[in-house]
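Chains A and B are the protein sequences, given in the same order.
The opening residue of the first sequence carries number 12 in our numbering; numbering runs sequentially from there.
The opening residue of the second sequence carries number 12 in our numbering; numbering runs sequentially from there.
Since the hints were made in silico from the structure, they are not lab data.
Keep in mind that the hints are not guaranteed to be accurate.
Note that the list lumps identical chains together, so a pair holds whenever it fits in one copy or between two copies.
[Stated by the list, open to error] Calculated lysine to any residue pairs in the SDA-like style (CA-CA distance at most 25 Å, straight line):
id, residue 1, residue 2
1, Lys307, Gly238
2, Lys225, Gly64
3, Lys307, Asp200
4, Lys225, His266
5, Lys307, Ser89
6, Lys225, Tyr139
7, Lys307, Arg186
8, Lys225, Arg138
9, Lys225, Asp18
10, Lys225, Arg318
11, Lys225, Leu57
12, Lys225, Arg186
13, Lys225, Ser83
14, Lys307, Ile275
15, Lys307, Arg244
16, Lys225, Ser168
17, Lys307, Ala38
18, Lys225, Thr240
19, Lys225, Gly39
20, Lys307, Thr201
21, Lys225, Ile289
22, Lys225, Glu242
2 protein chains.
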Amino acid sequence: MRGFVTDPAGQAGLRLADDLPEPEPAAGEFLLEVRGYAINPGEVGLIARRPNGWRPGQDVTGVVLRAAADGSGPPVGSRVAAVVDWESWAERVAVPSGWAAVLDDRVSFAQAAAIPCAGLAALRTLRYGGAVLGRDVLVTGATGGTGQFSVQLAVLSGARVTALVSGPQRVDLARELGAHRVLTSLEDDTVGRFDLVLDGVAGPTVAQAARRLKPEGTLVVYGGGTGSTVEPRDLYLNGVANGRLILGFIGILPHETKGEDIAIVADLVAEGRVRPLIGWQEDWTRTPDAFDALAKRAIRGRAVLLREP
Amino acid sequence: MRGFVTDPAGQAGLRLADDLPEPEPAAGEFLLEVRGYAINPGEVGLIARRPNGWRPGQDVTGVVLRAAADGSGPPVGSRVAAVVDWESWAERVAVPSGWAAVLDDRVSFAQAAAIPCAGLAALRTLRYGGAVLGRDVLVTGATGGTGQFSVQLAVLSGARVTALVSGPQRVDLARELGAHRVLTSLEDDTVGRFDLVLDGVAGPTVAQAARRLKPEGTLVVYGGGTGSTVEPRDLYLNGVANGRLILGFIGILPHETKGEDIAIVADLVAEGRVRPLIGWQEDWTRTPDAFDALAKRAIRGRAVLLREP
Numbered sequence: 012m013r014g015f016v017t018d019p020a021g022q023a024g025l026r027l028a029d030d031l032p033e034p035e036p037a038a039g040e041f042l043l044e045v046r047g048y049a050i051n052p053g054e055v056g057l058i059a060r061r062p063n064g065w066r067p068g069q070d071v072t073g074v075v076l077r078a079a080a081d082g083s084g085p086p087v088g089s090r091v092a093a094v095v096d097w098e099s100w101a102e103r104v105a106v107p108s109g110w111a112a113v114l115d116d117r118v119s120f121a122q123a124a125a126i127p128c129a130g131l132a133a134l135r136t137l138r139y140g141g142a143v144l145g146r147d148v149l150v151t152g153a154t155g156g157t158g159q160f161s162v163q164l165a166v167l168s169g170a171r172v173t174a175l176v177s178g179p180q181r182v183d184l185a186r187e188l189g190a191h192r193v194l195t196s197l198e199d200d201t202v203g204r205f206d207l208v209l210d211g212v213a214g215p216t217v218a219q220a221a222r223r224l225k226p227e228g229t230l231v232v233y234g235g236g237t238g239s240t241v242e243p244r245d246l247y248l249n250g251v252a253n254g255r256l257i258l259g260f261i262g263i264l265p266h267e268t269k270g271e272d273i274a275i276v277a278d279l280v281a282e283g284r285v286r287p288l289i290g291w292q293e294d295w296t297r298t299p300d301a302f303d304a305l306a307k308r309a310i311r312g313r314a315v316l317l318r319e320p
Numbered sequence: 012m013r014g015f016v017t018d019p020a021g022q023a024g025l026r027l028a029d030d031l032p033e034p035e036p037a038a039g040e041f042l043l044e045v046r047g048y049a050i051n052p053g054e055v056g057l058i059a060r061r062p063n064g065w066r067p068g069q070d071v072t073g074v075v076l077r078a079a080a081d082g083s084g085p086p087v088g089s090r091v092a093a094v095v096d097w098e099s100w101a102e103r104v105a106v107p108s109g110w111a112a113v114l115d116d117r118v119s120f121a122q123a124a125a126i127p128c129a130g131l132a133a134l135r136t137l138r139y140g141g142a143v144l145g146r147d148v149l150v151t152g153a154t155g156g157t158g159q160f161s162v163q164l165a166v167l168s169g170a171r172v173t174a175l176v177s178g179p180q181r182v183d184l185a186r187e188l189g190a191h192r193v194l195t196s197l198e199d200d201t202v203g204r205f206d207l208v209l210d211g212v213a214g215p216t217v218a219q220a221a222r223r224l225k226p227e228g229t230l231v232v233y234g235g236g237t238g239s240t241v242e243p244r245d246l247y248l249n250g251v252a253n254g255r256l257i258l259g260f261i262g263i264l265p266h267e268t269k270g271e272d273i274a275i276v277a278d279l280v281a282e283g284r285v286r287p288l289i290g291w292q293e294d295w296t297r298t299p300d301a302f303d304a305l306a307k308r309a310i311r312g313r314a315v316l317l318r319e320p
């Protein structure tokens, strides 16, 4: 079986191997024929930390080749979107039954590939804001892989959505996603305050956004928060009354409802209410090229790889 | 009327003036004969920032001299504990009706003086943990002004309470408050993880405690957080899954229910289920001496001033 393994000598630290063992699904896992996947920013770091023969890949979409032995999950022939812990950048992969959503026919494999990790992160971070109808939500990195979903899901939830983008070249795109207001900086007195901030940008943006919380407001840092620092005293002096910061593994946990949550986003895509923004789409054998494109920060939206069987 | 005003030339930046105007309560305020109050750590900073003729004092207990003109609040003769924004270190003070709790006869003025700000902070920070029955709660500064209430209220809520104290000389006291375990450091592999951390110590303790959160655990920083820094990446790398930090004005907000919340703590004191730890108790004219004692960090529990009419 073919699939990508880490190899320090390869482009982007990857090599397409052709002698991989077939997946051996556990009782609660089905066997999936991979038709596509997307690249997540965190995978760059994972590949660097596991350089020799590790098999990356968390997002995946495809067709069920063999149902789970314990009877759970989708039947043979189902089109699904799913997350796995690893090894999805291959021809076939074993998928835990509860981590997959069956796809409506209206969702393409390219769209489905864009959904799992980013959709989970966007949906689950949004939930920390509770009922956001009529409330002010700030999404940083609003045209990025997860941010694009955050903007659209927040708009669908009735929030007044402010998008923060990295420069004027992304303003129109953020408006197309439905953002009611688009900013390129938080360092301006007119920015106002927010009930909920969803941040995947990290760095100094986190502290800037934290200062913009309303009383009882919530800041969710879902991207790992590299290079960011929050000083409680700073928030106190900026009048952030009882602000709440959520930090950690928000897209990943809880495990049990991953499939259900992917289905929520995928069904919105089927209905045309969420439109995954795909900024780069190629045959899966070009996976290393996706990293080069991501490194240049040239992609607006998801980098998606597709595979024809 | 006599009362303390700020004066850079006075001991602890204070002077006991004897020519202050009588309070003029608004329609929703009653007039209180002051019988006692406690010192809060934040007041040191407030006095320094408002050095000339400002009138400090947030905690207060006493007897109602004149009920509120709008009919709200306690009747004449009621013994109450209350918070005010300022000016309680005097013979009389105007108190918003909703910011006071009527005292059971079993609660002394000394006990009542110890309750308002610290009791509010302890009760309200604890609520951020939700249902803590059987859960692990860490209280830092556990024998301090607020921490003593935090330990007792968490124990009464059924939590397994770990107390962090500044040294071995405070271990026995923390146990007397009901703590199930007492630590003098968080830098030990056996510390474990907590569902809820209540921190009024600030400084490096905040980041240390944050690393000790369980999945979905909550860290509440109520003391202003001076000198503390939290790095989202640090928590991420320490496996703190979806940890929650609460920062701000937790004891102060919301305003509307201050009286109700003070009553909850005061009634527990009346029932003998909470015992305010009073580490220093003198006539109110010695208020400046309390600051000297606090500066030496020699007080375990509240510093309370009492006034005989």
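Consistency of the hints with the structure:
no.	hint	in the structure
1	Lys307 / Gly238	within (19 Å within a copy, 37 Å between copies)
2	Lys225 / Gly64	neither (48 Å within a copy, 33 Å between copies)
3	Lys307 / Asp200	neither (32 Å within a copy, 42 Å between copies)
4	Lys225 / His266	between (31 Å within a copy, 16 Å between copies)
5	Lys307 / Ser89	neither (36 Å within a copy, 71 Å between copies)
6	Lys225 / Tyr139	both (15 Å within a copy, 17 Å between copies)
7	Lys307 / Arg186	within (23 Å within a copy, 58 Å between copies)
8	Lys225 / Arg138	both (17 Å within a copy, 20 Å between copies)
9	Lys225 / Asp18	neither (47 Å within a copy, 35 Å between copies)
10	Lys225 / Arg318	neither (46 Å within a copy, 40 Å between copies)
11	Lys225 / Leu57	between (35 Å within a copy, 24 Å between copies)
12	Lys225 / Arg186	within (24 Å within a copy, 39 Å between copies)
13	Lys225 / Ser83	neither (44 Å within a copy, 30 Å between copies)
14	Lys307 / Ile275	neither (32 Å within a copy, 58 Å between copies)
15	Lys307 / Arg244	between (36 Å within a copy, 23 Å between copies)
16	Lys225 / Ser168	within (19 Å within a copy, 30 Å between copies)
17	Lys307 / Ala38	neither (42 Å within a copy, 65 Å between copies)
18	Lys225 / Thr240	both (19 Å within a copy, 20 Å between copies)
19	Lys225 / Gly39	neither (44 Å within a copy, 28 Å between copies)
20	Lys307 / Thr201	neither (31 Å within a copy, 45 Å between copies)
21	Lys225 / Ile289	neither (33 Å within a copy, 36 Å between copies)
22	Lys225 / Glu242	both (17 Å within a copy, 21 Å between copies)
The structure shown violates the earlier hints numbered 2, 3, 5, 9, 10, 13, 14, 17, 19, 20, 21.
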